[in-house]
Amino acid sequence: MEAYLFYIMAAVSVTAAVYLVFEKNPVFSALYLIQTMVCIAVLYILLEAQFIAAVQIIVYAGAIMVLFLFVIMLLNLNIKEETKNALPFQKIPAIFMGIVLFTAICAVIKSKLLQGKQGEYTTAYVNSVGNTKLIGNLLFTDYLLPFEITSILLFVAAIGAIMLAKRKL
Amino acid sequence: MNKDLLVYIVVASIKIFLVFSAVQIMIISMIWLERKIMAHMQVRLGPMRVGPHGLLQPIADGIKLLFKEDIIPQKANKLLFLLAPVMTLVPALITFAVIPFGDKVKILGHSVNLVITDINVGFLYIFAVSSLGIYGIVMAGWASNNKYSLLGGIRSSAQMISYELPLGLSLIGVVMLTSSLSLVDVVNAQAKLWNIIIQPIGFFVYATSAIAEVNRCPFDLPEAESELVAGYHTEYSSMKFAMFFMAEYANMITVSAIAVTFFLGGWHGPFLPPVVWFMLKLSACLFFFIWIRSTYPRLRYDQLMHFSWKFLLPLSLFNILITGLIMVLKG
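Listed in order, the protein sequences are those of chains U and A. Taking this note's numbering, I'd label the letters of the first sequence as residues 1247 to 1415. Taking this note's numbering, I'd label the letters of the second sequence as residues 5 to 335.
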């Protein structure tokens, strides 16, 4: 049952990602990106990571992509105008690099590099404590410093964005 | 297939069917009630012609909308134009999956929880789903290829993004007190004392931003008739317009149900059965919506934004601070 769901969601998300790249209309591209993100959220649920799934939808699909779509719609890009190809020679190197990257990923997955030993937080343990509780506990104990640094980074980025957008305050 | 799974699927299907039918019936009756209550508040009679006291008016309206010509503008983006009403209605309805509307009951020897599903991230689920509801309105505004629609769509998405923050943060206080994200736990924690008494600031912020979140008067700028014709649904007709209409009422019912669950004690109450209490509280919240609409004038757009960012957001953060402080001091 879970395997079937995985294959369906994987197929849908990959298809949406392909459409996202090849779609001429930027509004549709943004909508395909939202679809990919929702599919990834479903994959998180299949991995029993409900908290990350919900946050994925709230942050990416619900907040960031709305702003993306907003900007694209306000710009009202003309679809008929072919965008000028800024890098005409990039096609062949891009295909080559893509193939190299794909084989590299396949090689890593096939090899035993990723099969580390099982850690402390197994799925059964996480489910017994509760996803959100465990993440919260870890964030405010073991990972307090990285958490605070991330929040300062985000804060600085927000101030920077306001400064750039509003020169005359 | 084993028996437990079969029972689970049957029970879940029946619950989904019952809840959704109840919501649909409530939407239909809300349309009539809103017109009647507003009319009486403004010393009018309201619809009187169809049925006794205009009771069959929603059915007449529904039939009229079904038989109207369905117009799609020539330069509209057809796919998104068709998809937009569905995208607004569906998130409004599926939020109900996590809202508990009654205590555990025994049916044919099985103990049935009166909530479609009790997930441990119910609180986050609500916000995940409701944040997807914006897309329907944005898509409708853009796909119609009409300047009024686009302006309405942009206004409404800006408004919904701004008010989603205080809306979410106002409930954090309750979540802190309950120390659980499951809505069943939130209701169970209110058996003795409703959260509205412990969290008055939270409730005020929630109520205000909920009205803005569902684009109702006095925050109904996305469809300000005097400036924008009808906002994002200017180009919509027939059943597609009806779906937007239904989505607005479904959203109202949803945010009211969340208010009941988080602040008004859920299904708790003396004498009457839990489901009746839940419905009574829900109706009171919906009446409040209509009351506000028939009393207040519409705000200006900049006032609306300032109110959210400069007043409601700091207030909700202050509420979280105070709640945390008291919790720490009490130990």
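Simulated from the structure, these hints should not be mistaken for laboratory data. Treat the hints with care, as some may be off.
Unchecked claim - Below, in silico cross-link-like pairs of lysine-lysine (PhoX-like), each with a Cα-Cα straight-line distance of 25 Å or less: (1) 79/A to 1270/U; (2) 1270/U to 151/A; (3) 110/A to 196/A; (4) 82/A to 1270/U; (5) 19/A to 7/A.
For each hint, the structure was consulted:
Note on residue 79/A and residue 1270/U: the hinted pairing holds, with a Cα-Cα distance of about 17 Å set against a maximum of 25 Å. Among the hinted pairs, residue 1270/U with residue 151/A is consistent with the structure: their alpha-carbon atoms are about 23 Å apart, no more than 25 Å. In summary, the hint linking residue 110/A to residue 196/A is supported, as the alpha carbons are separated by about 24 Å, within the 25 Å threshold. Simply put, residue 82/A and residue 1270/U have alpha-carbon atoms about 16 Å apart, close enough for the 25 Å limit, and the pair holds.
For the suggested pair residue 19/A and residue 7/A, the alpha carbons sit about 18 Å apart, so the restraint of at most 25 Å is met.
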